[in-house]
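**Student:** Okay, here's what each chain looks like letter by letter:
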Amino acid sequence: MGQQIVNGLFLGSIYALFALGYTLVFGVLDILNLAHQAVFMICAYAALVLVVHLHMPIFAALPVAVLAGGLLGMVVDRIAFRPLRGRSDSNIAGLISSIALATILEAAVLQFFGPDVERFPFGTVPTRSIQIGGAVVSELQIVIIAIAVAMLLGLTWLLRRTRLGRRIRAVAESPKAARVLGVDVDRIISASFFVSSALGAAAGVLFGLAFNNVAPDMGRSVELKGLAVIVLGGMGSMPGAALAGVALGLLEVFTVAWIGSSYRDAVAFGVLFLVLVLRPRGLLGPAALREA
Amino acid sequence: MFASVRSLAATAVALLALPTLSAAETVKIGAAFSLTGNAAAYGAQQKAGVQAAIDDVNKSGKLKGITLELVLEDDATSKEQGIAVFQRFINRDKVSAIIGPTLSTTATAADPLAQQARTPVVPVSNTAPKGITDIGDYVWRVSLTEAQVIPSALKVAQAKIGFKNAAILYGNDDAFTKGGFDVMKASLEAAGIPIVDIQTFATKDRDFNAQLTALKAKNPDFLMVSALVEQAAAIVSQARQLGWNVPIMGGNGFNSPKLMANAGPAAEGVMVGTAWNKASADPVNQAFIAGQKARGNDPDQFCAQAYTGVLVIADAIAQAGMKGGREDIKAGFAKVKDLPTPLGKFSFLPSRDGNHAAAVQVVKNGKFEILQ
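Top line first, the protein sequences correspond to chains A and B.
Its first residue numbered 1, the first sequence is counted upward by one per residue in our numbering.
Its first residue numbered 1, the second sequence is counted upward by one per residue in our numbering.
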């Protein structure tokens, strides 16, 4: 029981990490960036290359990979979204062009690294674990849960308390009005992509470390769960995404423990469906739908 | 040069030993192995195995005047080349029997030609459970399928550890891992070992903590895992990380050095079934290993199976009354019984699949060793 709660919290933190960046762009700016999982994957590879080939310690490689992820996010925006902005169908066109970009990035990684799973060398992260009331928790798991919480708080602070956050929220409210008020909308969106992709990059590196498994398809394995988490948590709500991530993790773990592992995804997505029917705005979503 | 001198000498010795028999008859054996391409690592071992076996049989004088002649060709790990080699063996070299090809996929393409031409084929490394001996009654397989290795390995492990119950963890969305699970479940049931819990995962999963924790809660004595090697390493690592030291036996997916490379120290003690008991003290096996060492080769399972393939053909010739024609050899296979080979006492099942005891390998200091 205690061990399953630890398992669920850990898995949920991974989902939450992935979803925080995802929801920033999707929920706040109403743009579904399906290349998010590609950034997630590429940055895990970036950290791997830094650790394996440049022999950097992981605590130095992580910030470098996060910075690279942020810059890659700006490139994604510039290539896949900005050229289409202003078109009446820009949302769906952007969605499709981001799928295309994700496919290109994945194919490039596949070409360069091959389909085999790559691993961080032994000893990259501490492998010690501690006992908490009969449950075994590894130090890495504690660090990952702590980073997820720190990112949630940092992102909430950024949106609520900073100048950039105010501008992002202004653009989210109405790009036209923001532009009239002198906000450089393209720059704000680009900055949002930077923050979002940097978060995705951190999630990718930590995911790769957590399971010691870096592969071209690693993003695909969390993409759908990440999407479920932002819908479940409520569009654009950071605490909602974190809460929903942990809820989904616990739900999956306890489905395995009590019902059976074959029903894991059926129960998880069944609950998602129920929440959408009974509470369409998600767990912590804004009270009313925001219509332009 | 040396080989031909040696085989000439062997023939001469055989003739001297049995002067009453008529002049030497030569029986050609075709061997198609992957000497190049992806499976070349296996092919090199198989080549060493058949060459040694042909020499040993000829030297032993077991076939009383019949000399085996090896025609070795490269199937290049490809179906097309496999077919071309088989055609050459059947029509030009007029071999009496064919050993190989290395991979099951090549076999499914090439073996039907031999079946059509009524030429016996002896697969020595094809382990696909279906579609090999199904090709026809001229295909007699030496290599064990996974369905044969697992029950046998399970018995060895139980005799060693003495577990009272077991649990299974398997991937339920992949034909290979699902097939392995079916065999594991049937083997445990046949052995009368209660299965306390079964958990599943999907191919893309990376987190197995929930399943492992649930299994651990049931406290089984033994855990069987059917997974591909990438998942195998993650499952083993995560189980040990959870502080669960249950004995683990894997399916064929575990049968790779990648398991140790990826799981590191967590792989220690993990067991996998294998067709060849390298550590067997049986004199036939010891002589085989000594012969390979003398040739500068460190033999593996593929080498032992290829060596056995030649012994089986030689025995079939003897069983047919020292006749080396295609039909004679085919008829002789049915009479091969408890033949001493490096793999142990070898017989054919009615399905024309080989039958002998399997062994269990256990990871020790990062290497597979035979569980004794």
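Worth double-checking, as some hints may not be accurate.
Derived, one-sided and incomplete: chain A residues facing chain B with beta-carbon distance under 7 Å [as the list claims (entries may be wrong)]:
id, residue
1, Leu11
2, Ser88
3, Ser90
4, Gln111
5, Phe113
6, Val117
7, Ala257
Think of the hints as simulated: they come from the structure by calculation, not from any bench.
Cβ atoms here follow ideal geometry from the backbone N, Cα and C, with glycine treated the same way.
**Student:** Each hint: holds or not?
**Tutor:** Verification of the supplied hints:
{"no.": "1", "hint": "Leu11", "result": "6 Å, holds"}
{"no.": "2", "hint": "Ser88", "result": "37 Å, violated"}
{"no.": "3", "hint": "Ser90", "result": "32 Å, violated"}
{"no.": "4", "hint": "Gln111", "result": "19 Å, violated"}
{"no.": "5", "hint": "Phe113", "result": "14 Å, violated"}
{"no.": "6", "hint": "Val117", "result": "5 Å, holds"}
{"no.": "7", "hint": "Ala257", "result": "5 Å, holds"}
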